[in-house]
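Q: Each chain, written out:
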Amino acid sequence: GEQVEQLPSSLIVQEGASVLINCSYTDSASVYFPWYKQEPGKRLQFIIDIRSNMERKQTQRLTLLFDKKTKHLSLHITATQPGDSAIYFCSASPANYGNEKITFGAGTKLTIKP
Amino acid sequence: ETAVFQTPNYHVTQVGNEVSFNCKQTLGHDTMYWYKQDSKKLLKIMFSYNNKQLIVNETVPRRFSPQSSDKAHLNLRIKSVEPEDSAVYLCASSQGLGNYAEQFFGPGTRLTVL
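Top to bottom, those sequences are chains Y and A. Reminder that position 106 of the first sequence reads as 106 in the numbering used here, one-by-one numbering, no gaps. Reminder that position 55 of the second sequence reads as 55 in the numbering used here, one-by-one numbering, no gaps.
Just to be clear, a hint being listed does not mean it is correct.
[Unchecked claim] Short derived list, chain A residues pointing at chain Y, Cβ under 10 Å: (1) Val4; (2) Lys40; (3) Leu43; (4) Lys44; (5) Ile45; (6) Thr59; (7) Ala92; (8) Gly96; (9) Gly98; (10) Ala101; (11) Pro107.
Treat the hints as calculated values from the structure; they're not laboratory data. Just so you know, even glycine gets a beta-carbon here, dropped at the ideal spot from N, CA and C.
My request is simple: use the sequences and hints to build the entire structure.
A: Here you go:
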């Protein structure tokens, strides 16, 4: 089955810095890649997604890059704020199944130091 | 308030007991999910359900069963809990089965099996 790997597993940066979270997957049948964020004590929250027919998507301070050939994604967060401290999850879903066969990575714990 | 609601927040029980967790969504969605999040924050989908179809992750033990009265409610029953069932159980919802829609998550139910 699909395997999703995230690196790094954790990182600590100073407020205002940019961060890069990498994600790779194994199943070429995966076509949809949503990212979720889980702040301490809060519920999981959708932040951005991309489909396999796209290479890049941007929303506010988030940029998501997708490389179908290498099966790799990277989430770039600019101008980090304390509220960005959270666990970030990459996920992958195959064609024809939507969320029903979604596979999550183990998460990247981001800590922003004020 | 439109959201996904879960009860109870916490539950402590002993090996072999039966437990039941409730989930309700007021978002008007037609598809609901149950996830297990272990102590390392690893997320795994257990069930996907709408009023027409139940999709079960093949790794889910048979002692787990979803129960739904309507499209706004999806409960989770665990017959004869085991120590490895200790985890946070997250309920989520989205619109449509088999499509790629943002999922909305509940706050979770933390189960501890003694």
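Q: Compare the structure with each hint and give your call.
A: Hint check:
1. Val4: A/Val4 check passes; min Cβ-Cβ to chain Y is 8 Å, inside 10 Å.
2. Lys40: It holds, given that the least Cβ distance between A/Lys40 and chain Y is near 7 Å, below 10 Å.
3. Leu43: holds (4 Å)
4. Lys44: Constraint on A/Lys44 satisfied, holds at 7 Å.
5. Ile45: holds (6 Å)
6. Thr59: holds (9 Å)
7. Ala92: holds (8 Å)
8. Gly96: Interface hint status for A/Gly96: holds (7 Å vs cutoff 10 Å).
9. Gly98: holds (5 Å)
10. Ala101: holds (7 Å)
11. Pro107: holds (5 Å)
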